[in-house]
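Given these sequences and hints, build the entire structure.
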Amino acid sequence: MAEGVTRRGDSWRARYRHPGTGRQHQRTFDKQVDAVRWRRQQLDALDRGRWVDPEAGKVSFLSYFEAWGRDQLWTDGTRKAMSLAARSTTFADVDLRLIRPSHVETWVKSMTVANATRSRPLAPGTIKTRFVNVRSVFRAAVRDGMIAVDPTLQVRLPRLRRREAAMTIPTPEVVRRVLEASEPRFRAFVGLCAFAGLRLGETAALQVGDVDFLRRQVHVRRQVQRLDGALEIRLPKYNSERTVHVPDALLQMLSEHVALGLAYDWLFAEVEDLPPHQNTVGHRWRTTLRRAGVADVRLHDLRHFYASGLIASGCDVVAVQRALGHTKSTTTLTTYAHLWPTAEDRVRDAAAHLFAEVAGSAEGTVRAGRA
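Counted from 1, the sequence shown has number 226 at position 233 by the numbering used here; the numbering is strictly sequential.
Worth flagging that the hints you see were computed from the coordinates, not collected in a lab.
From the three backbone atoms N, C-alpha and C, an ideal C-beta is built for every residue, glycine too.
Where hints are given, some of them may not hold.
The calculated lysine to any residue pairs, modelled on SDA-like cross-linking and capped at a C-alpha distance of 20 Å, are [what the hints assert, rightly or not]:
# : residue 1 : residue 2
1 : LYS24     : ARG1
2 : LYS51     : TRP31
3 : LYS121    : SER76
Taking CB as the label site, the calculated pair distances span [as the list claims (entries may be wrong)]:
# : residue 1 : residue 2 : range
4 : ALA336    : ALA312    : 17 to 25 Å
5 : GLU98     : ARG341    : 44 to 52 Å
6 : ALA107    : ARG30     : 40 to 48 Å
7 : LYS230    : ARG111    : 22 to 30 Å
8 : HIS238    : HIS270    : 26 to 34 Å
9 : GLN271    : GLN65     : 23 to 31 Å
Quick look at the structure:
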């Protein structure tokens, strides 16, 4: 009879003792071979440092998330996103120890189709964000010894569209029409997004003192977020406080905006001493698009317009990164790499420049001939 395995009537009991705690663990099986295999697996897990208490994991995924999440130092926005992801899972009420990759795959698939509460599938980027948030919960459970393996490993996600295919960059003509169609008190808001690359929340959070007309700079010091109806003023996204060097034409637009009369320090405050609500900005933007006869352009697309203009003018990666407030240059490259000229483009342009110099030379003309 195998060591640690005993017969009890028609069943077999496998036992082993944890060397660290001295606690004995046991389990009963119908077949001896299953009892031996289980005991061997537990001892092997102990040797490899991958052992998990069989009593652990007897808590639902959502219950574990709520207990673990209470101790995390998250911003309100992160906490809301994590909670949304955890509660959207199809295995929220399943014990942690029972969740398998197939459960995760079922959840991922459910996000790719419409349902009773959602009229359309979630975008691949949204699915990835929720997946990453849920994966962090499972990784915490592994660290806590609740489960041995993260069930999100090797789960495949819907393919993301290539950045250049997903990105909409308005043409200068479209931006001109939008500016002309903007109400006087909204025109500078649009201008800051198009010619300084500010995000919606950053523009909404600007105060009069953030505009330095003498040095031709706009200081991005904060952003506005609305969470559960409450207003929050916080540092810009990814702590991207920065100074943006702006053109005279934008400063003139801002000067005209200030000349309209400001009752508050907020540059775009309306009826209260508060930054504008994102819903208000969204309404004004949609109204402006209708007046301009423009469709399918987001306010955030003006930031892409700004970035593409910097790149087309020859700005390098670091300059664009700083202007946009990206923490890492890799973020800038990942988003806009397709807009920079390739090595082939540079070679072609250099050769064209040489040809133009020769063709324009007064010493003679260029004739095609045989080599």
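Cross-check of the supplied hints:
1. LYS24 - ARG1: Within the cut-off at roughly 11 Å; holds.
2. LYS51 - TRP31: Status holds; Cα separation ~19 Å.
3. LYS121 - SER76: holds, 15 Å
4. ALA336 - ALA312: 17 to 25 Å: holds, 20 Å
5. GLU98 - ARG341: 44 to 52 Å: holds, 47 Å
6. ALA107 - ARG30: 40 to 48 Å: holds, 44 Å
7. LYS230 - ARG111: 22 to 30 Å: holds, 26 Å
8. HIS238 - HIS270: 26 to 34 Å: For HIS238 and HIS270 the Cβ distance comes to about 29 Å; the hint holds.
9. GLN271 - GLN65: 23 to 31 Å: This hint holds: roughly 26 Å between Cβ atoms.
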